[in-house]
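Here the structure of chain A is known, so what remains is to put chain B in place on it, guided by the hints.
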Amino acid sequence: MAAEATLTQETPSKTLWSGGKSPFNVSWGKMMMWFFLVSDAFTFSSLIIAYGAMRHRFAEIWPKANDVFTHFPFIEGHLPLAYVGLMTFILIMSSVTMVLAVDAGHRRDNKSVAVWMFLTIIGGFMFLGSQAWEWYHFIHGTEAGAYIMQDGAIYRDAANAYELHASNPPAGALVSPSNELITDKAAIEGIKAKAEHIHGANLVHNEYGHPLFADFFFFITGFHGFHVFSGVMINIIIFLNVLAGVYARRGHYEHIEKTGLYWHFVDLVWVFVFTFFYLV
Amino acid sequence: MAHQHDKPHGYYTGDIHNQFVEEHYDPKNRAVIWRTFWILLFITIFEVAIAFAPIAKDILMVTFIVLTIVKAYFIVAFFMHLKHEKLSFAYTIVLPFVLIVYLIGMALAEGSFLNLWDHLF
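Those protein sequences? They're chains A and B, same order as listed.
Going by numbering that gives the first Met the number 0, the first residue of the first sequence is number 0, and it counts up by one from there.
Going by numbering that gives the first Met the number 0, the first residue of the second sequence is number 0, and it counts up by one from there.
Calculated directly from the structure, the hints in this document are not laboratory data.
Take the hints with a grain of salt, since some may be wrong.
Mimicking DSBU-like on lysine-lysine, the simulated pairs with C-alpha atoms at most 35 Å apart in a straight line are [to be verified]:
1) B/K56 - A/K184
2) A/K110 - B/K27
3) A/K257 - A/K110
4) B/K82 - A/K257
5) A/K20 - B/K82
With the rest of the complex left out, here is chain A:
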């Protein structure tokens, strides 16, 4: 068998696609990883596009991300985008350590591969921890909360409507679903009597606005987070293999490249999640 295989390699045919050659100049393992990533990208695209469609449908009552994600660890105050910016930095940084591990693999430098893989795993865990913290705050919600009517209309406490802060709404004022400020005491009492007081978000209620926002947020960041978790597990297996010298014995570090492709893809998806959930 081995002799036969050698024979076909020694005498490749003249045309590119008739065997004996790698037409794309990539190994099949890497090519299949790319094809898997294309299919996975289609899944994520469909989810984000579904989010976009529902956002257009309920444009008026769609929550503003800058009112929802405003926390930063150990710092008081209204700090939108700061925390998710940090998360993005962590993930980009772990992508860099991953690509440096691949680069060390090309140099056949087993020790450097191990070091960069280890740092990539640390970055992955940091990102997962950050995401858990973000989920905790989203689920927990604000102290003031919101009032939800029987028909699903949500009256937010004006303390949470940061876009109105310039006009200094009085304490206890509410914001109607169409973003009008309600300061009349009798009207506020009337709403509070009929409505249910809710805090935070889950799959049924969302104090920040339309419940679909929470559903998509949990599903898409959850799906992405699970990809990160899987990536960290795969990275740990590869890291242990590197420590055991598996790739040094094999003579090449192509496995690092394949897991690297997956890890960069996870980073790539986050770039889109960051834009469509937090920026636009």
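Quick look at chain B alone, frame taken from chain A:
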């Protein structure tokens, strides 16, 4: 052996699971990696900075989407190394996303239409 020229950045192993292994170590690689990192970091900081600038919402939105595609290009081209794969392979990976552009058009039009429908009736 003449066919050595047919495989400029790789070699065949006897291993059935890894028949073809790429060889593209270049000392300049690390400079490219760090340059890509600084570009991605700079774009992200720029995005967070202009999010609160007094700019029209529509212009901001278009800017963010364009910058996202620029970031995606740098990740795919340099971190995932697609820029240095054969052009036929790069097209095989990238061209299917034309379908995604089509889906974006259809789904967002549908969402906007349903919004209008809710207002009309």
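These are the hints, each one checked on the structure:
1. B/K56 - A/K184: Distance of about 34 Å is within 35 Å: holds.
2. A/K110 - B/K27: The given pair, whose Cα atoms are some 20 Å apart, holds under the 35 Å limit.
3. A/K257 - A/K110: 19 Å, holds
4. B/K82 - A/K257: 16 Å, holds
5. A/K20 - B/K82: Roughly 21 Å separates the two Cα atoms, so the pair holds.
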